[in-house]
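> Build the full structure now, drawing on both the sequences and the hints.
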Amino acid sequence: DTAVSQTPKYLVTQMGNDKSIKCEQNLGHDTMYWYKQDSKKFLKIMFSYNNKELIINETVPNRFSPKSPDKAHLNLHINSLELGDSAVYFCASSQDLRTANTEAFFGQGTRLTVV
Amino acid sequence: AQTVTQSQPEMSVQEAETVTLSCTYDTSESNYYLFWYKQPPSRQMILVIRQEAYKQQNATENRFSVNFQKAAKSFSLKISDSQLGDTAMYFCAFIAYNNNDMRFGAGTRLTVKP
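Top to bottom, those sequences are chains A and B.
If you count the first sequence from 1, position 114 lands on 114 in the numbering used here, and the numbers rise without skipping.
If you count the second sequence from 1, position 35 lands on 35 in the numbering used here, and the numbers rise without skipping.
I should point out that these hints are in silico values taken from the structure, not numbers from a laboratory.
Hints should not be assumed to be uniformly reliable.
To be verified - Quick list of in silico lysine-lysine cross-link-like pairs, DSS-like style, CA-CA up to 30 Å:
| no. | chain 1 | residue 1 | chain 2 | residue 2 |
| --- | --- | --- | --- | --- |
| 1 | A | LYS52 | A | LYS22 |
| 2 | A | LYS9 | A | LYS36 |
| 3 | A | LYS44 | A | LYS71 |
| 4 | A | LYS19 | B | LYS113 |
| 5 | A | LYS22 | A | LYS71 |
| 6 | A | LYS19 | A | LYS36 |
| 7 | B | LYS73 | A | LYS41 |
| 8 | A | LYS40 | B | LYS55 |
| 9 | A | LYS9 | B | LYS73 |
| 10 | A | LYS41 | B | LYS113 |
| 11 | A | LYS67 | B | LYS78 |
| 12 | A | LYS67 | A | LYS41 |
| 13 | A | LYS9 | A | LYS67 |
| 14 | B | LYS70 | A | LYS41 |
| 15 | A | LYS22 | A | LYS36 |
| 16 | A | LYS22 | A | LYS40 |
| 17 | A | LYS52 | A | LYS71 |
| 18 | B | LYS55 | B | LYS73 |
| 19 | A | LYS44 | A | LYS9 |
| 20 | A | LYS67 | A | LYS52 |
| 21 | B | LYS70 | A | LYS19 |
| 22 | A | LYS67 | A | LYS19 |
| 23 | B | LYS113 | A | LYS40 |
| 24 | A | LYS36 | A | LYS71 |
| 25 | B | LYS70 | A | LYS52 |
| 26 | A | LYS36 | B | LYS73 |
| 27 | B | LYS78 | A | LYS44 |
| 28 | A | LYS67 | A | LYS36 |
| 29 | A | LYS40 | A | LYS67 |
| 30 | A | LYS19 | B | LYS73 |
| 31 | B | LYS70 | A | LYS36 |
| 32 | B | LYS70 | A | LYS40 |
| 33 | A | LYS52 | A | LYS9 |
| 34 | A | LYS40 | A | LYS19 |
Computed from a predicted model, the values in this text were never measured in an experiment.
So, in structure tokens, the structure goes:
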């Protein structure tokens, strides 16, 4: 069973389109994240949700909107896609950090290419 | 906000030898966790090792160990008996105890040569 699953794995789309990336975790974790990894492999946090509430919202264009319908899901919707949005997007989840041996579990990433 | 710095963009090591990857961080928090993650060409992020800041003993996982210097805010990763499968990007990460803001360094690309 995949702990954190993202769909799709690859996404190629034209500029100006609207697209969504879905993320689901079956670990019972309270916190979920979205990260963007650029072509230089730099991982930048975009959003963090805890129990469906937004707790971190980095300087991200408002074309990016996360949606958490429940604790196990955190989807990322992107409006009016631009060339610079091309990257790999990672979803991750973690348990309460005060729990022993906690770590962040990552999905396999979604490679978004905007043409 | 916390920052994590990895000053070695690329490193290489011969198979079976030892290599050390550097990481420093800046924070005003006293309780936090540090991690090393590995990202092979498959793109999957894999936890290598984890260190709680309140623990003085350095974490060890088989061939992987850390040198945690809290006062210096340094957290280096030592890989012993390097194997070809260790070839990957390695990311140092920090998360404070009282929030869920997990920050990563820029990464070090490690190549293990046969």
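> Please go over all the hints and tell whether each is borne out by the structure.
Quick rundown of the hints versus the structure:
1. Taken as a hint, the A:LYS52 and A:LYS22 pair is honoured in the structure, with Cα atoms around 15 Å apart against an allowance of 30 Å.
2. With a C-alpha separation of about 14 Å, the suggested pair A:LYS9 and A:LYS36 falls inside the 30 Å cut-off, and the hint holds.
3. Note on A:LYS44 and A:LYS71: the hinted pairing holds, with a Cα-Cα distance of about 22 Å set against a maximum of 30 Å.
4. Between A:LYS19 and B:LYS113 the alpha-carbon distance is near 41 Å, which puts this suggested pair outside the 30 Å criterion.
5. For the proposed pair A:LYS22 and A:LYS71, the alpha carbon gap of about 13 Å is at most 30 Å, so the pair holds.
6. Using a Cα cut-off of 30 Å, the hinted pair A:LYS19 and A:LYS36 holds, with the two alpha carbons roughly 15 Å apart.
7. For the given pair, B:LYS73 sits about 24 Å from A:LYS41 by alpha-carbon distance, which is consistent with the 30 Å threshold.
8. Annotation: proposed proximity of A:LYS40 to B:LYS55 is violated, straight-line Cα distance about 33 Å (limit 30 Å).
9. Distance restraint check for A:LYS9 and B:LYS73: the Cα-Cα separation of roughly 37 Å exceeds the 30 Å cut-off, and the hinted pair is therefore not satisfied.
10. With a CA separation close to 22 Å, the supplied pair A:LYS41 and B:LYS113 stays within the 30 Å bound.
11. With a C-alpha separation of about 39 Å, the suggested pairing of A:LYS67 with B:LYS78 is violated against the 30 Å cut-off.
12. Taking the CA atoms of A:LYS67 and A:LYS41, the gap is about 25 Å. The hint holds against a cut of 30 Å.
13. A threshold of 30 Å between alpha carbons decides the hint, and for A:LYS9 with A:LYS67 the separation of about 19 Å falls inside it, so the pair holds.
14. With a C-alpha separation of about 27 Å, the suggested pair B:LYS70 and A:LYS41 falls inside the 30 Å cut-off, and the hint holds.
15. With a CA separation close to 14 Å, the supplied pair A:LYS22 and A:LYS36 stays within the 30 Å bound.
16. For the hint pairing A:LYS22 with A:LYS40, the CA-to-CA distance comes to about 24 Å; that is within 30 Å, so the pair holds.
17. With a CA separation close to 5 Å, the supplied pair A:LYS52 and A:LYS71 stays within the 30 Å bound.
18. Note on B:LYS55 and B:LYS73: the hinted pairing holds, with a Cα-Cα distance of about 14 Å set against a maximum of 30 Å.
19. This hinted pair checks out: A:LYS44 and A:LYS9 have alpha carbons roughly 19 Å apart, not beyond 30 Å.
20. Simply put, A:LYS67 and A:LYS52 have alpha-carbon atoms about 8 Å apart, close enough for the 30 Å limit, and the pair holds.
21. Among the hinted pairs, B:LYS70 with A:LYS19 is inconsistent with the structure: their alpha-carbon atoms are about 43 Å apart, more than 30 Å.
22. The suggested pairing of A:LYS67 with A:LYS19 holds, with an alpha-carbon distance near 13 Å, which does not exceed 30 Å.
23. At roughly 22 Å between alpha-carbon atoms, B:LYS113 and A:LYS40 fall within 30 Å of each other, so this suggested pair holds.
24. Between A:LYS36 and A:LYS71 the alpha-carbon distance is near 21 Å, which keeps this suggested pair within the 30 Å criterion.
25. Annotation: proposed proximity of B:LYS70 to A:LYS52 is violated, straight-line Cα distance about 34 Å (limit 30 Å).
26. A distance of roughly 26 Å separates the Cα atoms of A:LYS36 and B:LYS73; the hinted pair therefore holds under the 30 Å criterion.
27. Annotation: proposed proximity of B:LYS78 to A:LYS44 holds, straight-line Cα distance about 25 Å (limit 30 Å).
28. At most 30 Å may separate the alpha-carbon atoms for a hinted pair to count; A:LYS67 and A:LYS36 meet this at roughly 16 Å.
29. For the proposed pair A:LYS40 and A:LYS67, the alpha carbon gap of about 27 Å is at most 30 Å, so the pair holds.
30. The suggested pairing of A:LYS19 with B:LYS73 is violated, with an alpha-carbon distance near 41 Å, which exceeds 30 Å.
31. Only pairs whose Cα atoms come within 30 Å are accepted, and B:LYS70 paired with A:LYS36 is accepted, the gap being roughly 29 Å.
32. About 29 Å separates the Cα atoms of B:LYS70 and A:LYS40, which keeps this hinted pair within 30 Å; it holds.
33. Taken as a hint, the A:LYS52 and A:LYS9 pair is honoured in the structure, with Cα atoms around 24 Å apart against an allowance of 30 Å.
34. Between A:LYS40 and A:LYS19, the direct Cα distance comes to roughly 23 Å. Compliance with the 30 Å bound is thereby established for this hinted pair.
When the structure is compared with the earlier hints, violations turn up for hints 4, 8, 9, 11, 21, 25, 30 and for no others.
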